[in-house]
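We have chain A; now place chain B with the ligand onto it with these hints.
Chains as they are written, first to last, in the numbering used here: chain A, 1 to 398; chain B, 1 to 370.
Keep in mind the hints are simulated off the structure, nothing from the lab. Glycine is no exception: its CB is placed at the ideal position from the N, C-alpha and C atoms. Mixed in with the good hints, there may be bad ones.
[What the hints assert, rightly or not] If you want a taste of the chain B side facing chain A, the calculated C-beta under 10 Å gives, among others:
no. : residue
1   : I196
2   : M198
3   : K320
4   : Q328
Now for the letters of each chain:
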Amino acid sequence: MDFKLTEKQKALKREFDQFFEEVMKDAPPEYGRGGLEGVYATPEGFEFHLQVSKKLGEKGWLSRAWPKECGGEGAPLIEQLLFNESRESHRAPGVDLFGHGMFAPTLIIAANDEQKERLLTPLAKGKVSYCQGWSEPDSGSDLASLQTTAIKDGDNYIINGQKIWTTGGHRAECMFLLARTNPEEKRGKGLSVFHLRMDLPGITVRPILYMDGKHLYNEVFFKDVKIPAKDLIGTENEGWKLTRDTMNFERSGVGFFVEGREDLKELVDYVKTTKRNGKYLAEDPIIRQKIAKLFIDLEVGYTLAYKIAWLQGKGGLSFAASAASEAKVFGSELAERIANYATEIMGLYGQLSDSKWAPMNGSMVESYQFCMGITVAAGSSEIQRNIIAWTGLGLPRF
Amino acid sequence: MDLSFSSEQEILRKSVAEFLSKECSYEKVKEIEESAEGYSPKLWKKIAQLGWLEIILPEEFGGFGDPFINLIIIMEEIGKAAFPSPFFSTVVQSGLTILEGGSTAQKKDLLGKIVDGKLLMALAQYEQEASYLETGINLSAKLSGDDYILNGTKMFVIDANIADKLIVAAREDKGITLFLVDAGAKGIKCTKMPTIGMDNNCEVIFDNVKVSKADLIGEPGNGWKILQKAEAKIIVAKCGEMVGGCKASLDMTAAYAKERKQYGVPIGLFQVIQHYMSNMLLAYDTSVNYLYKVAWMIDENEDVTKEASALKAQVNEKYKFISERGVQIHGGVGTSREFDIGLFYRRAKAYEYVAGDSDYHYEKIAAALM
Ligand SMILES: Cc1cc2nc3c(=O)[nH]c(=O)nc-3n(C[C@H](O)[C@H](O)[C@H](O)COP(=O)(O)OP(=O)(O)OC[C@H]3O[C@@H](n4cnc5c(N)ncnc54)[C@H](O)[C@@H]3O)c2cc1C
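For reference, chain A alone in the conformation it holds in the complex (with noise of 0.2 Å):
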């Protein structure tokens, strides 16, 4: 057994790393600490990812785990890891949760090379953005069970319904979209894999607040909306597979645990320096036993991406499904974690908005409220405990 990096990769680490610290000199205010929240509350935060999209695109960086064929240098999946770790270490945007992280494995899967060569090269350029059309109002944990049509039409399909909680489709050029090819079919039977511009006629797109009143997820509404047919990805039919097998594209859950740990960085550097009743709140037992809990916490979870990264690697895509289910409840429930500690911790103060007064630039609190949605998104804690249950313990299924 060995957990060592080897030279090359720590090297390449480093270069990441170089890289990213630069990158964020340029980060404008709004931004913040990035995130879903620093990437599409705000046109400035858009704006700067897109620009560090550009760059990572020029470096070739977007596509290095992806196959030779595809334009990639299939990089090791571990190298991936390095990547993400660091990019996410440093809090910067650039890599485009839906395109990059979702719909470029789609495509790797399953496109044909006629799109491979139109979606997939402004993808590696870093050129373009998208949102997942996925959710709808009665389809949430039981996705399959979603109504969205696209019924052919010629040489297109034209496409009617209702998508809800889509990040950022007030701000994304593109969308990858699951709908029902055929009404006749039920649940994962007949629907199919799309890719469609955000501004094609009969596309509507309206905000709804987050709980703090940032603008992030949207409804959006088509009607009548018609594409070519040679924007299906895949067979026709067969989307519900090709979803599942996306789902389950990297997964380690690397970011919490560097972003978990930037926090606490931040929170001993708070506790050290702030004083109530006469002393340092880094001399309070119980707040130190508090920080000493989110450091095991980290470490251990921290460990677990690198188990799955690595299990991944061996095996494929599905090989660790129960543990990435793992380090996606662990990762997102202690991210609650840290965010109630820290604003615990720092008293009255913890329940500061950004402001000139607030502990941390107010991001504990900001977290507080936007934990919620990460441990709802992408496969609620209760769905992943129960994928766990079956694929991890062999628990029957009901």
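Using the frame of chain A, we list chain B with the ligand on its own:
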């Protein structure tokens, strides 16, 4: 033993609940939250007319001599409605402090005006260090002729931006002393701070503010004693509001779990959701019954120092727990501003700090026991 409410109390609860649901929907709550004043002067006038503000007024000053538990009833309903108003700052924090330490003339004058809805007040205790302790009060008060001169900064003063008068805890030669200060006095600068509660938490800077020697609440040096005595009641009242918030979170989540379908069944059929909700109900029931017990002890004139602390620490944790599970069970809609559970999730965090956080109260309990 009789653990029921009287029919008058049931009527009081019903009338408060009906008024708030009619006049201040959750939509309206969100609108008020986003306003600079953070309250509705129109609704304030109406609740003054309805007599809610008289709830703490002793008979000798023209009140009905309501028991303390009646205040709890109102606070619970305010909590359920997430009603943003200066009721807590003015009636509870300031009113109870005046009752504890004010002169007869002050009680008559100030409480009279509060009851009529003509006076808003705020209690300025905490400072930059954010300490809940006596040593945390360092704003200075220096005697100069017939006046005191106040210098320093108060933080987290709830509703200072709309208050007419402030009760300011300051350090005088003899110790902590409470001053009655016009919010518009020369040298006062008040700024509202943005918070998760979207409430009126303010920074108030005192730059050579002159206060007449006559405008003290209590004697020089006995301010901390007054604050401590009032604190127990203030805590229990705030817990009433928080427990009301727990109840609203619980009810709206249960309703949602019955109605929202996934996989062809109501999500409330999933056992994990049932267990979450059972734990939420357990958290609520243990809190609400203890709330009534401690409120009753206050009516019996018992010392509730450690019980009030136990209650606040309990309710701090349970309100967060119930509202957090509430959001989770709502799924995506729970995270949005359009749905209402988020109102309670944000308030649970905000109220955790009001009149002492959990660590402060754990220590008070331990100090009382050991
Ligand atoms: C911040 C945020 C961003 C999002 N971004 C996107 C996006 O870009 N694109 C997109 O398509 N979607 C997006 N979503 C939607 C997200 O995928 C859904 O919210 C999620 O799938 C849950 O669905 P739902 O909200 O309908 O909740 P529901 O499925 O109605 O779930 C409600 C509750 O029931 C529980 N539950 C449901 N089924 C079961 C079960 N079988 N067993 C036990 N418990 C169960 C859930 O865990 C949850 O607690 C986003 C959501 C959030 C919060």
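Proposed interface contact between I196 (chain B) and chain A, which counts if any beta carbon pair is under 10 Å | Since chain A brings a Cβ to about 5 Å from I196 (chain B), closer than 10 Å, the hint holds.
Per-residue hint verdict: Q328 (chain B), partner chain A, C-beta under 10 Å | holds, 6 Å
Hint check: is the beta carbon of K320 (chain B) less than 10 Å from a beta carbon of chain A?
-> holds, 7 Å
Grab the minimum C-beta distance from M198 (chain B) to chain A and call the hint holds if it beats 10 Å, violated otherwise.
-> Check passed: Cβ of M198 (chain B) comes within 8 Å of chain A, closer than 10 Å.
When each numbered hint is compared with the structure, no violation occurs for any of them.
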